[in-house]
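**Q** In case you want the letters, here they are:
2 protein chains.
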Amino acid sequence: MGGKLADVGFLGFDVFGTVVDWRAGVARAAAPFLEHHGLRLDPFDFANAWRALYQPAMEKVRSGQRPWVRLDVLQRENLEQLLAAHGVAAGDIPEAELADLTRAWERLDPWPDAVEGLARLKRRFAIAPISNGHIAGMLQLARFGGLPWDAILGAEVSRTYKPQPATYLQPLDAAGFAPAQAAMVAAHNADLRAARALGMRTVFVRRPHEYGPDQDTDLRAEEDWDVVAESLTEVADILGCL
Amino acid sequence: MGGKLADVGFLGFDVFGTVVDWRAGVARAAAPFLEHHGLRLDPFDFANAWRALYQPAMEKVRSGQRPWVRLDVLQRENLEQLLAAHGVAAGDIPEAELADLTRAWERLDPWPDAVEGLARLKRRFAIAPISNGHIAGMLQLARFGGLPWDAILGAEVSRTYKPQPATYLQPLDAAGFAPAQAAMVAAHNADLRAARALGMRTVFVRRPHEYGPDQDTDLRAEEDWDVVAESLTEVADILGCL
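For the protein sequence lines, the chains are A and B, in the order given. Going letter by letter, the first sequence gives residues 1 to 242 in the working numbering. Going letter by letter, the second sequence gives residues 1 to 242 in the working numbering.
Any given hint might turn out to be false.
Claimed, not checked - Taking CB as the label site, the calculated pair distances span:
hint, chain 1, residue 1, chain 2, residue 2, range
1, A, V69, B, R66, 28 to 34 Å
2, B, G64, A, D100, 39 to 45 Å
3, A, V69, B, A85, 46 to 52 Å
4, A, G212, B, Q55, 53 to 59 Å
Quick caveat, the hints were computed from the structure, so don't treat them as lab data. Cβ atoms here follow ideal geometry from the backbone N, Cα and C, with glycine treated the same way.
Starting from the given sequences, assemble the full structure and let the hints guide the process.
**A** So this is what it looks like as structure tokens:
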């Protein structure tokens, strides 16, 4: 080996969908909540609907329509919006329940290959999230799932959201790596396109069930990414991390 | 156990002197450099002299005399100042040599109890540096010594230097803990005094040879810190982290 990504010392990871299975974790937390409040919704559909509000909420920050806020603030607002769309006023639900459900995003299981894959990659590369998640949420997620990050970086360092250039460049600068010495690892082609445009190398991990059985996006590598794999352990195999 | 620091979920660590032995590591890197340049100085004395320039350099940032710069910038300036004091112009030395010697601060051995102590404490607490070191340096130091941090926080988050209140409060805020839910772990009484004044709990680890055999500071706990110990493994013992 040695050839693949020979100049790279740092791997930045997308987390939601790439490293952890947000859909199952959010559905698991939502199920008793929905039942308790008489909402006849499939918990997996609820998870997808919550997630669908994520990009529009971040877009308001990216576009400058509102100042930066941490992701948990957006997730909480999105939850209230989702509940309202189903006729439930957030004000009628105890604060502790809403706060606890929002923290579902900090209690997500890693994909089965993720912990082993990260541990092996860590032997050769410095590894850290470059996620839209805030630092406290990423910290809890790492402790919940045993993700062995070297550091926690991401959107909070730059106070904007991916795919803004600063969300990649500022974490890399903080970690001490030039873009050409770093690779972005993601299950989303758009994330890799943004990273490549800045000079980063790219690793695509296919997660065809991130959004469930009917997923129709990111089913395949849409460009000639430097590495394409089915799992983080396969990334480790390809990069010679035993 | 259970009683000690029962409300605490986060431990912030001073690093230089508390977790790693900067004196031995810097002396090890300096020895061949000094020999090569004909400087007849004891490498341990050289390490202490370099370290002695650290507080005055940070004070210029704390006082607002100069804008914040990362610690490696200060260490490099201090190295040049130290060499000049011994009649050596930094300009006469190849840049790569100066850069490499400055990186000695990223290649310091942990104290013998540190890795085991941190690993045990991590089972109960989120752990991260609250150090004056910059993020990239802390990242390299962690990878060099196998320090199992959950996240890397510290002075770079707040862009000032300890003991300014922001250097404790902003990392805690980023990690999602109130001061009362966090403890500072340090071998330096002044660090703990600053942390306690902000409402943090305090853990003193005695490092009586940090500055060498003739050390005359921080030989004992000067206040009734919540925990006082001789090592990080003893801290883990006291806090019931097996």
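**Q** Work down the list of hints and note, for each, if the structure agrees.
**A** Taking the hints in turn, this is what the structure says about them:
1. V69(A) with R66(B): 28 to 34 Å: Given a distance of about 32 Å, which is inside 28 to 34 Å, the answer is holds.
2. G64(B) with D100(A): 39 to 45 Å: Taking Cβ atoms as reference, G64(B) and D100(A) lie about 43 Å apart, which means the hint holds.
3. V69(A) with A85(B): 46 to 52 Å: 49 Å Cβ-Cβ, so the 46 to 52 Å window holds.
4. G212(A) with Q55(B): 53 to 59 Å: Once the Cβ atoms are compared, 57 Å apart, the range 53 to 59 Å for Q55(B) and G212(A) holds.
The structure fails none of the hints (numbered hints given earlier).
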